[in-house]
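S.K.: Residue numbers (this note's numbering), protein chains in the order written: chain Z, 1 to 307; chain C, 1 to 307.
Watch out, some of these pointers could steer you wrong.
All copies of an identical chain are treated as equivalent in the list; a pair is satisfied when it fits inside any one copy or across any two copies.
Only pairs whose alpha carbons sit at most 30 Å apart, straight line, appear in this in silico BS3-like list of lysine-lysine [as the list claims (entries may be wrong)]:
#1 Lys291 / Lys188
#2 Lys188 / Lys275
#3 Lys75 / Lys249
#4 Lys41 / Lys199
#5 Lys20 / Lys188
#6 Lys275 / Lys192
#7 Lys23 / Lys138
#8 Lys161 / Lys75
#9 Lys23 / Lys199
#10 Lys205 / Lys192
#11 Lys192 / Lys20
#12 Lys199 / Lys75
#13 Lys192 / Lys75
#14 Lys78 / Lys142
#15 Lys74 / Lys192
#16 Lys41 / Lys142
For the record, the hints were derived by calculation from the structure and aren't laboratory data.
2 protein chains.
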Amino acid sequence: MSLVVVGSMAFDAIETPFGKSDKIIGGAGTYIAWSASNFTKPIKQISVVGGDFPQEELNALSARGVDLEAVQIKKDEKTFFWSGRYHMDMNTRDTLETQLNVLESFTPVVPDSYQDCEFLMLGNLVPAVQKSVILQMKKRPKLIVMDTMNFWMEIALADLKDVLTMVDVLLVNDSEARELSHEFSLVKAANKILTMGPKYLIIKKGEHGALLFHENQVFFAPALPLEDVFDPTGAGDTFAGGFIGHLAKTKDISFENMKTAIIMGSAMASFCVEKFGLQRLTEITRTDIDKRLDEFVELVNFDIDLV
Amino acid sequence: MSLVVVGSMAFDAIETPFGKSDKIIGGAGTYIAWSASNFTKPIKQISVVGGDFPQEELNALSARGVDLEAVQIKKDEKTFFWSGRYHMDMNTRDTLETQLNVLESFTPVVPDSYQDCEFLMLGNLVPAVQKSVILQMKKRPKLIVMDTMNFWMEIALADLKDVLTMVDVLLVNDSEARELSHEFSLVKAANKILTMGPKYLIIKKGEHGALLFHENQVFFAPALPLEDVFDPTGAGDTFAGGFIGHLAKTKDISFENMKTAIIMGSAMASFCVEKFGLQRLTEITRTDIDKRLDEFVELVNFDIDLV
């Protein structure tokens with residue numbers, strides 16, 4: 001039984017108020033795999049890259065227990081490229097350039113060896129591509145988690161709504177939750193989105209933490225207050241990787257365990273933003289993660305018995 | 001031993017995207033007293049009103065254990081008036097009109113019967129007025145908590161910095177923390193402000209909760225996700241009232257108990273925003289407060305043993 005991750009593997013060029021990166025490795029699928037591989041192995045990756053994607057990056061993922069059988073390498077084409085510039089608040093950004101390249105004609109193929117999929121993480125991609133992966137699964141996974149973005153709400157809403165009926169958990173940020181629901185109040189937005197298919201909704205609020213909604217229950221996980229947020233790129237994907245990684249490790253999809261999984265995701269995201277790109281995720285150890293989890297406990301722990 | 005509260009008592013006229021109020025009772029001191037009186041009695045109030053301030057409002061406060069000996073009533077003058085309009089996000093607002101009236105020449109006088117002050121809450125006011133109250137205290141209170149606002153940073157910064165050296169806890173919102181420290185990162189802002197005098201700093205982030213900083217420690221209290229935020233007026237003062245009220249009740253000013261006090265403040269603020277003005281604060285019972293505290297525990301409680 002395994003975790004299958006679908007998502008882009010890409011080159012990014014990033015500008016923040018604090019610095020500028022060269023063309024570095026990025027992509028939702030890459031961040032998810034790096035993050036989730038701290039919790040569970042193997043991770044069965046579905047993606048596509050061009051001939052320009054460095055072999056050593058693929059090797060590094062293999063070494064972490066990421067199975068690349070369904071990562072298509074299109075030798076004569078170029079890898080997906082995105083460049084963006086963050087505003088001072090680090091919560092908003094402008095896209096400077098997008099070159100779809102290999103993503104333009106991406107047709108994922110789920111190999112037989114991936115059919116033992118128990119946990120399926122659909123990283124942000126064209127909704128039709130996400131759907132195609134679900135449809136190729138001969139046995140419905142125990143849990144399907146889906147990320148998406150405002151862009152698909154604007155150009156492929158019908159497809160997006162179709163996929164929503166097939167998944168268990170939806171991950172969006174606050175502005176996307178508002179856009180999808182046409183509600184400003186996040187509680188009202190959540191109530192509406194929970195009628196569209198997903199039984200669980202996670203609303204990510206960047207530096208303001210994340211909310212988990214399920215039926216009439218709500219859980220809040222803070223973001224760790226950091227001296228410097230150096231580069232938020234991939235933080236949402238890293239969060240998703242920690243979330244699904246913990247669930248796949250524990251094989252427990254109760255609401256209680258999802259709370260813990262969200263804290264894992266928040267801890268992983270707090271590392272991601274400390275350096276450019278994937279850098280920090282490649283450095284941290286299990287000891288670093290445990291130490292950060294302790295900081296989360298300290299951050300929110302209070303005693304109400306004094307009342 | 002008692003809690004002394006200094007703050008404006010006022011008329012407000014409020015517009016939000018969801019409605020518009022008549023001229024209703026407001027003022028930082030009023031909100032603080034209503035909120036804190038759920039926790040401790042007596043509250044010794046210092047303020048000033050005009051002859052137009054309704055006697056029944058004063059009676060209502062008295063009935064809740066608020067001592068009005070140092071509330072000056074200037075029969076021939078008018079009460080402070082503020083009107084404002086909130087934006088859709090309910091976190092930002094435009095001031096439409098301010099009539100200082102009695103506040104223009106407010107000179108607080110601390111009576112002998114207030115000299116047993118153990119907890120002093122300085123609501124948002126001219127820094128020089130806040131200072132004058134501190135200086136009139138013959139014995140330094142056990143804890144001095146101060147609220148302020150960006151306006152004083154712009155027109156009375158030297159006075160404000162002077163008062164900062166005399167207090168234990170400062171309450172500001174996120175944009176005020178940034179303005180006072182010239183730092184964008186709230187962690188850096190906090191570190192700088194903690195060198196200006198206060199040993200504890202609370203940064204209020206509205207719907208995004210509140211942070212408590214002390215030495216190298218940090219605690220985060222969420223705001224309760226609400227279906228509707230009807231009117232945020234007075235939420236910060238209500239928060240302050242719950243915070244100081246709990247501390248005055250328990251007489252414990254440890255960091256641990258301040259965490260609990262911030263949860264109390266957050267719970268009180270979550271009621272305040274549910275209706276226009278003071279309305280909701282006049283309705284709630286101790287049972288309502290206890291129920292809401294349970295919701296806060298539910299909201300942030302997670303189990304890390306599963307890791």
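S.K.: Hint by hint, which ones does this structure get wrong, listed from lowest number up?
M.R.: 3, 7, 8, 9, 12, 13, 14, 15
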